[in-house]
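As they're listed, the protein sequences go chains S and Z. Here the first sequence is numbered in my numbering, starting from 799 and rising by one per residue. Here the second sequence is numbered in my numbering, starting from 106 and rising by one per residue.
Think about it this way: if two alpha-carbon atoms lie no more than 30 Å apart in a straight line, the pair counts; the simulated DSSO-like pairs of lysine-lysine are: (1) Z:Lys147 <-> S:Lys1227; (2) Z:Lys242 <-> Z:Lys147; (3) S:Lys1227 <-> Z:Lys242.
In case anyone wonders, no lab produced these hints; they're calculated from the structure. These numbers come from a predicted model, not from an experiment.
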Amino acid sequence: MPMDHIERALASNRADYCEIRLERRITTRIIYHGRRLETVSTVVNEGGIVRALSSDGGWGMSTFNSLDDLTTRVEQAHASARLVPRREIHLASHPVIVDVAPASPALDGEGITLEQQHDLANRYNGILLGYPQIVDTQAAYIDQHITLTYANSEGTRIIEERPMAMVSLSATARDGTNVQRAGDGTSSADGYPAMLQLDDLARRVATRATDLLSAQTVVGGVYPVICDPRLAGVFVHEAFGHLSEADFVYANPQARDMMVLGRRFGRENLNIIDDGSLPGQRGTLRYDDEGTPPQRTPLVERGILVGRLHSRETAAAMGEAPTGNARATDFRFPPIVRMTNTYIEPQDASFEEMIADIDLGVYACDAIGGQTMLETFSFSAGHGYMIRQGQLAEMVRDVVLAGNLFSTLANIDAIGSDLAFSRSGSCGKGQGGGLPVGIGAPHIRIQDVAMGGRQA
Amino acid sequence: MSAQNQHLEDLLSALSRKAEQAEVFAVESESTSISFEAGELKSSLVEETRGIALRGLVNGRVGFTATSGSADPEPLVERAVASARFGEPVSLALPGALPGRSVSAWDASLAEVPLDRLVEVGREVIARLREADPSAKIDVDIERTNMRATLCNSAGAHVDQQASAFHVVMSVERLRGDDVLMAHDSASSTSLTEDYREAAERLAWRIATADRSAEADSGQMPVLFTPAGSMVLLLPLLMAVNGQNVQRGTSPLADRAGEQILDTRFTLWDDPTVPGRPASAAYDDEGVPCYRKALFRQGVLESFLLDLKTAALLGTASTGNGARGLFSLPTPSAANLVMDAGERPLEDMISDVERGLLVDSVLGLGQGNPLSGAFSNPVGLAYVIEHGEITGRVKGLSLAGNVYELLRTIGGTSVERQWVRGRYLLPHILLPKVDVVRSKA
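Given the sequences, and given the hints that come with them, work out the whole structure.
Spelled out as structure tokens, the structure:
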């Protein structure tokens, strides 16, 4: 999409603020299910969103596939904005960015044939299928190339390429009516070449699903729990991270009270950070979807709440500075406050130290999912092990952690040194799912975690 | 013939020259939505969508592509054919022109409803919820959509369907210190109906009833699931009757058609013919006529949900449940899930519970291993029932069990039914003995 088309449309704008974001997403998917190659497709999704802010109204937006008549979209967004009764909406100021350098060539799928991509998915699927009790698999190779053009009425102009390759593997093992599943995946902005060395990942997935067949459901109760980095990362993202998004608090006085800066959330050992500028992680950005550069934002320091994540709108509403966290799933959505790479900072506890004084506990690994209702949360670990007399013991399944956020954060009594980031994190918020985020943590130990499960 | 139809026919004939069977699927939609945040109107959005998907069978293999951008026939056909080189070998036969039922899923007048009227609906909902709790944060989203889907294929089908949808989604968030109440409800229809009033009443009831708190200990107890709360029981069943899981052999019900699986009081339909529902349609997204079918009749497994491909792989006929987004191949999906009403009024069911729970939502729905029927979820919104009375909201509990064991003997279902998530019409379901674990130390 040539910039001059956008310039003309912006020149016609009569709203106080107007921005245009256009996207072209080319996605190739190769998906094996069991022995069947179920999907081989390349699809093109292009379109855009115009967002207008009117001082005698509110936000007006127009989203569309056809890029033919941007000027009409600008007018439509302004008209929508004026339908809203006058609201006090302001945008925190930030530097005008002009960054329209052409993308570096030969990234991602270019030069890689559909056949090579297919062969890779087939190879990983073959590894999964090589295990006798595996009855179903999914091996997906996905290559996505997003070209993004952003311009606003303040003068910011950005053209950005966001390439990504992703492999996602899962295996289902079955023994009679006992059906167990395991999965894992990875992604990289470096494209196909970064997806070539995943044989071990595939073996781990198949072995895990098979092992789960003979694992017992964990006995419900209250335990000391060691979470592996994956689960700890998902926990901090879901249970804490979403509450530090300023759009949760800025229009809700009760939420402001709950998330007041200076409140103690954890012990002295707890530091939580969101950082979209970390190199090479899944939530790493050049700019957020309002053109604000990403930054390192401490959220919790020494157990105390010290910061939150902002868009330009929430920053202005709370008299704080934008943090580069305005993100949109795609052009169907306006940017809202979202996390980038959110992690627990490593400390110095070793795994041996954490486990040594646990008589009866659970080592919970991997995250199938999590849901929170503010202070109440539920997380499903992919698998776990009982800890008995300071040693790892038998594998257990259906490990679901539940509890209260505030008491659980305060119960983190040991944090490891082995910070690791997941490369397959996706975040859903509102109607917008599938936003890539970085999720990181070292091993952590939490006292008194409630676990659903069978009765002893 | 309209320009769009001509374009689709041109695409079809271009693809037909390269493929034994060819299909073109196109969607166009326009929607308008408004959002209230914290009780105030904040934004208004106009959304236009269009796109075309091509599916072809080339040498017995499936090729697929889709675009929302340029629809030049040549590159599109080329991409579809290229993907067929690696595509899945399937012996499916695209349907010809088949007679469909007349199903009411489109109200042309919805598009003409002035925006001011939508704003009025929002204000009315907010006023009702404020009455229930003046301090809570109330968000309301209202959307009206008009959609047209066109499908033509080389077997002679040409299906042109219009649909409309009116959605009102409302949520409340109440924080008293660290005590949190989050609850939501919604109403969907194909016309501007007043269903949203009932949704607002239900939500107001939830807020008011959560004002008092109550306690419950671990143990086995009767649990009455509201229609919204019943999703935790229905989700495993829905996955198990889905043709994809049946065909892959991962469904525990794969080879059990005709068997008594659930309590005889449990009858569940897939009904695409319910008038005035956004999920209703005369044809599915592959041009197969839709019809009403029992998935479980008096507890006996009667039918699976199949699209063309899963039906072909299972050696049977599609049940008219092919569903697709623009950018992916069709997969089986239920239209409206309708459960038969029970015989007892809800009020009587509650008064019969000596000590138990009323569960309206759980956290982490679908996490874990739902295909196996197992669930283990903390309650989101739940109430204690004591001596036949609802005494207050209870927190810090988890439910665990397996739906195949629990639904073998249910304690009954209510006469009253409600629409949940726009497409599930469900009664309250009473289970006599559910494992409840208190999760607070």
